[in-house]
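Visitor: Protein chains in written order, with the UniProt record's numbering: chain G, 1 to 355; chain H, 1 to 332.
A couple of the hints might just be wrong.
[As the list claims (entries may be wrong)] Reference excerpt, derived from the structure (chain H facing chain G, CB under 8 Å, subset only):
{"hint": "1", "residue": "S69"}
{"hint": "2", "residue": "N73"}
{"hint": "3", "residue": "P121"}
{"hint": "4", "residue": "I142"}
{"hint": "5", "residue": "A146"}
{"hint": "6", "residue": "T256"}
{"hint": "7", "residue": "G268"}
{"hint": "8", "residue": "P272"}
{"hint": "9", "residue": "T285"}
No lab work stands behind these hints, which were simulated from the structure alone. Given the structure is predicted, the values throughout are model-derived calculations rather than measurements. Backbone N, C-alpha and C fix where the C-beta goes; we use that ideal spot for every residue, glycine too.
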Amino acid sequence: MRFNFIKTALAAAALSLCATAMASVDTLNGAGATFPYPVYSKWAQTYQQQTGVKLNYQAIGSGGGIKQIEAGTVDFGASDAPLEKKELDQYGLLQFPMVMGGVVPVVNLGDAIKPGQLRLDGATLANIYAGNITRWNDPAIAALNPDITLPDQDITVVHRSDGSGTTWIFTSYLTKVSDVWAKGPGHAKAVSWPTGVGGKGNQGVASYVDRIQGSIGYVEYAYALQNSMTYTRLRNSAGDFVKPTAETFQAAASNADWQNAPGFYMVLTDQPGDNSWPITGASFILMYQQPKNPEVAQAALKFFAWAYGNGDDMARDLDYVPMPSSVIDMVKSEWHKQIKGSDGQPLWPLDNQPQ
Amino acid sequence: MSNLTANEQGDAVVQPGRRATGIVGDRVFRQLSGLCALIVLGLIMAIAVALVIGAWPALRQFGVGFVTSTQWNPVTDEYGALVAIFGTLASSLMALIIAVPVSFGIALFTTELAPAWLRQPISTAIELLAAVPSIIYGMWGIFVFAPFLSTWVQPPLSRWLGDMALLGYLFRGPPIGIGIFTAGLVLSIMIVPFITAVMRDTFNVVPPLLKESAYALGATTWEVARSVILPYTRVGVIGGIMLGLGRALGETMAVTFVIGNAHTIPQGLFYPGNSIAATLANEFTEATGELYTSSLIALGLVLFLITLIVLVLARLLLMSLAGGQGHSEGAS
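Turn these sequences into a full structure, and let the hints steer you where they fit.
Guide: So, in structure tokens, the structure goes:
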């Protein structure tokens with residue numbers, strides 16, 4: 001009896017030893033942005049079915065993702081707001097864009113106003129969020145919407161209460177298009193909002209806007225679609241009023257000059273082009289240039305390469321926008337140049353998959 | 001383990017042979033329980049030290065200005081706690097003002113007035129309220145209670161009372177069902193079970209002799225409650241209120257859902273505001289930069305100090321009550 005017990009215990013210990021040894025190649029740990037979480041987990045699920053490699057992604061927020069990778073507790077971090085070259089160099093990190101999406105203004109003006117009907121421009125949106133325009137029938141809004149009867153109603157501004165990449169992208173846009181905003185609240189993951197109520201997460205903002213008559217908020221495109229919210233059109237830098245769609249996000253991305261963006265630091269707001277949605281953003285991955293565990297880093301790169309190659313349809317199904325192939329080629333060449341094993345050799349061969 | 005056993009008649013007898021182990025056991029037990037108490041003290045000290053160390057960069061940068069400034073601006077790295085302190089105190093105070101009379105009523109009813117068959121169901125229902133997770137209160141607050149308030153309660157209140165001189169301040173603001181007012185109401189519902197449970201238990205220990213004497217002198221139920229039960233139980237009652245207040249001050253999830261999370265001093269109870277716990281819940285994960293994180297920890301320190309001050313005030317109140325009375329009260 002006792003002998004059997006010892007044998008079982010030994011076997012279990014041996015098994016778990018094997019498991020830990022295998023885990024270094026079988027499990028990838030990542031943490032960060034909540035915005036791309038649905039598409040990352042969809043990719044991870046499919047990837048695990050095909051290869052057996054498990055991705056453990058904790059959607060703890062962009063700031064958390066940056067902290068975790070800088071502390072070295074995860075194999076990769078994810079952030080909606082890119083880090084500047086200086087900070088990347090300080091920690092020896094490489095950054096690359098993984099997937100794109102858009103931030104859209106949403107309103108609650110009853111059933112009279114349909115999605116895509118209300119037109120806004122950047123200055124007006126900034127003035128609403130700055131508390132300078134407080135009623136829906138304000139002349140500034142009316143001038144943009146001659147065909148709509150706007151209600152004589154107070155505007156309730158809804159913003160994010162938590163720090164978020166979504167706010168980072170949204171305030172980046174407001175700062176670019178409005179002096180009032182640039183000199184006032186400014187551009188960050190959390191700002192000092194002059195007015196309004198704060199909802200926690202995209203879901204919090206969506207539920208406030210859904211509930212409060214006469215409210216305006218901003219959410220990720222996927223949330224606006226999935227909750228059938230009344231999104232607005234926005235005037236882009238070319239002067240056209242565009243609807244938020246995958247095409248207009250893609251248009252914004254294709255006009256961006258990735259080639260001259262050190263460390264892929266690229267903000268896709270207010271991009272040129274007739275068809276560009278002005279509040280577009282990319283979500284980024286952060287990895288060490290000299291990872292402590294090269295096998296795991298290589299496995300992570302394999303996963304990202306697989307997602308670039310096979311994940312486009314899954315991303316589109318979930319209302320995300322895949323990266324253009326020109327950008328993917330640039331990313332892969334940066335992998336080759338920058339991510340090195342302990343022997344100084346590149347972990348990613350330039351032209352083919354590592355074996 | 002006991003060296004007391006019962007003989008056939010049911011009387012307790014001491015077994016002489018086990019006396020020595022009993023003394024050793026007593027000593028070990030005393031030291032063990034003392035150690036447990038010391039661990040609590042040590043933990044509190046450790047929390048305080050950790051908070052001060054974490055908050056130090058912010059305190060060094062802003063000094064006393066930290067608690068008097070209404071600024072909270074991650075872009076310019078300027079932080080002040082006044083908005084959050086105000087929201088925490090205002091919502092907790094409002095919760096107490098509503099919850100204390102209601103809890104008193106419930107406790108009095110279940111101990112004095114209710115028929116015996118009704119007491120247990122009411123008590124159980126109250127205790128069940130205490131077991132509901134706070135996030136459920138938050139979700140109920142935003143999805144059910146806030147729409148109700150914004151349609152049926154806030155518009156008439158601001159119409160009738162909003163123009164009054166001082167009181168009107170309490171009922172001004174956009175009727176969106178989200179703000180200090182809703183937070184206070186939801187908090188009051190959350191702390192009623194705690195205050196009620198303590199009050200009921202202390203009311204139950206009032207000697208029947210005292211109450212019956214008062215009734216025999218012709219006192220009404222209210223007079224008995226006011227002149228016999230309350231004086232006899234006030235240590236316990238104040239303890240219960242402090243327990244409720246402590247819970248209200250630190251409540252996080254439910255408040256985050258309904259307070260509106262706006263970093264401005266509200267100009268009326270219907271305006272959105274912010275509380276210390278809600279600010280921490282909202283911003284900690286995404287806080288980057290030393291000063292930002294440190295300011296959030298400093299907020300935690302402020303909450304710690306507020307709770308400490310509340311406890312000390314409660315102690316002082318109890319001491320002055322006992323001193324004024326000239327004799328000690330029994331029911332703590």
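Visitor: Run every hint past the structure and note whether it holds.
Guide: Results of checking the hints against the structure:
no.: 1; hint: S69; in the structure: violated, 12 Å
no.: 2; hint: N73; in the structure: holds, 4 Å
no.: 3; hint: P121; in the structure: violated, 35 Å
no.: 4; hint: I142; in the structure: holds, 7 Å
no.: 5; hint: A146; in the structure: holds, 7 Å
no.: 6; hint: T256; in the structure: holds, 6 Å
no.: 7; hint: G268; in the structure: violated, 14 Å
no.: 8; hint: P272; in the structure: holds, 4 Å
no.: 9; hint: T285; in the structure: holds, 4 Å
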